[in-house]
Amino acid sequence: MKEINISRLMDNYTDNEFNLEGEAGADTEKVLKTVMEQVKPAKKTKVKPLSKVMIAAAAAAALAMTGTVVAKAQFPKHTITSATGTVFEYEQHGGAYGYELNVKNEDYSDLLTLEDGRLYFSIENTRIDITDLIDRQTPYIYSYVNEDTGYENYVIAGGTADQYAVVDMVYLEGAGWTGAGEMGGENGAYNGINGRINVTVEELENNGGNLSIVFTRDPGAPYHEHLNAWQEGAPCPTLQPYKEIPEQWRDECEDAWLLEALFRLDILDPELIF
Amino acid sequence: MTEQELLKALQKGDTAALEELIRRYTAYVSSIIRRILGGRTEDCEELTSEVFLVAWNSRGKLQEGKIKGFLGSVARNKAFVRLRGLHEDLPLEEGVIFIEERSVEEAAEHTDAAILLEKALSQLEKPHRELFVRHYYYGQTVKEAAEEMQINLSTAKAWLCRGREKLKDILEKEGYTE
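Keeping their order, the protein sequence lines are chains W and G.
In terms of this note's numbering, the numbers along the first sequence are unbroken and rise by one, the last being 1302.
In terms of this note's numbering, the numbers along the second sequence are unbroken and rise by one, the last being 160.
Think of the hints as simulated: they come from the structure by calculation, not from any bench.
Glycine included, every Cβ here is placed at the ideal spot set by N, Cα and C.
Some hints could be false.
Stated by the list, open to error - Here's a subset of chain G near chain W, in silico, CB distances under 7 Å, partners left out:
{"id": "1", "residue": "8"}
{"id": "2", "residue": "12"}
{"id": "3", "residue": "13"}
{"id": "4", "residue": "49"}
{"id": "5", "residue": "54"}
{"id": "6", "residue": "74"}
{"id": "7", "residue": "99"}
{"id": "8", "residue": "112"}
Said to hold, decoys possible - These stretches of chain G come out as covered by chain W in the derived footprint (C-beta under 8 Å, 3 or more residues):
{"id": "9", "segment": "-9 to 2"}
{"id": "10", "segment": "14 to 22"}
{"id": "11", "segment": "115 to 122"}
{"id": "12", "segment": "136 to 143"}
To be verified - Pulled from the structure, derived: some chain W residues nowhere near chain G, Cβ distances all over 10 Å:
{"id": "13", "residue": "1031"}
{"id": "14", "residue": "1035"}
{"id": "15", "residue": "1043"}
{"id": "16", "residue": "1115"}
{"id": "17", "residue": "1130"}
{"id": "18", "residue": "1133"}
{"id": "19", "residue": "1142"}
{"id": "20", "residue": "1150"}
{"id": "21", "residue": "1155"}
{"id": "22", "residue": "1158"}
{"id": "23", "residue": "1160"}
{"id": "24", "residue": "1163"}
{"id": "25", "residue": "1177"}
{"id": "26", "residue": "1215"}
Using the sequences and the hints given, assemble the complete structure.
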């Protein structure tokens, strides 16, 4: 027979039903002072929501192949390192393209790992079992202030043990949000190699902006095979206007969790996607 | 500010939202810690502050409708960790249960404690579940809980007994392994 201490077992429980109130044991002003002294505010506020966002799957495919995204603003060369160690370099490119982006040092192999059916998220000396915190519609969002830019950036994870993914989202001053990531699990890999993810949310002064999310199972596949990969299963926002997708299908999309995160973080406005 | 607005502002890193969170929930959080730690006022303030720092650092995973539960869970666990560190514990009604040990091979696929607890508690009638949570989760004495729920003490003890039996049953059936 094994002895189970009920109180210790209840450490694993969260009560969202009864929320038992009682006599307060601390002074609010004292707690406020203590906490606020230890909290470092973000140096700058994040980009305002885009005025207009459109889906550009074909353009996204081309961008994913070349590693290049375009925008209209003028700015010098920047090197930004994310919390995962990925380096985002972008510089003015001239001509029809506003800037060129190169993503280096991508290594997401230890960021989200599957161990005995559980998904562990590890970053900056933190390791957390997020298996029950995520699914196809629900993201896990890790926030931090990027030391190179002062903007709050995010590492977003989602999916299931069969197909999980993590995306490293950084804000590039004058360009918008960009993300790089990896997809793993039985359905997220091709021939044992994890799939890749590219995300761009561009700010364009006249057009509002572009959103592209590309899930690529086979990094070496030619362009049409990328498209085929996206078309598996239900239609997804990467292929058609979000508002035209029947609601019951939206949640089935492999990137539904990522869209949910982008909506939740005000990086995208779901009402403005057309 | 609605909870949805508060959540969005927190997830954007807005410290004004953190202030609002503290103003809104300090009484709730500190009452949980106070109940478990008793009269240790300094400990109570320190742990209450720590709870909000945890919430701030975990703001990305906060979910709408579950903020209070999250804060309560962190508060409850921090208080118990502090109490156990002092080699003390709350006098709980039959605080342990004994279950049949099963080999790993025999264990069912889902032996996660949180899932099994949810499963066991969801099978209790709501008043029974409330009493179980009041006593074993929040550390309220059986007498206090019975008074607040307006039931007599012997009924409360019988309900807790039923809750423990259900929990034991689920843990054994699912092959819980720590």
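Hints, one by one, checked against the model:
| no. | hint | result |
| --- | --- | --- |
| 1 | 8 | 4 Å, holds |
| 2 | 12 | 4 Å, holds |
| 3 | 13 | 4 Å, holds |
| 4 | 49 | 10 Å, violated |
| 5 | 54 | 6 Å, holds |
| 6 | 74 | 6 Å, holds |
| 7 | 99 | 5 Å, holds |
| 8 | 112 | 6 Å, holds |
| 9 | -9 to 2 | holds (count 6) |
| 10 | 14 to 22 | holds (count 5) |
| 11 | 115 to 122 | holds (count 7) |
| 12 | 136 to 143 | violated (count 0) |
| 13 | 1031 | 5 Å, violated |
| 14 | 1035 | 6 Å, violated |
| 15 | 1043 | 5 Å, violated |
| 16 | 1115 | 23 Å, holds |
| 17 | 1130 | 27 Å, holds |
| 18 | 1133 | 23 Å, holds |
| 19 | 1142 | 15 Å, holds |
| 20 | 1150 | 15 Å, holds |
| 21 | 1155 | 14 Å, holds |
| 22 | 1158 | 8 Å, violated |
| 23 | 1160 | 7 Å, violated |
| 24 | 1163 | 12 Å, holds |
| 25 | 1177 | 13 Å, holds |
| 26 | 1215 | 19 Å, holds |
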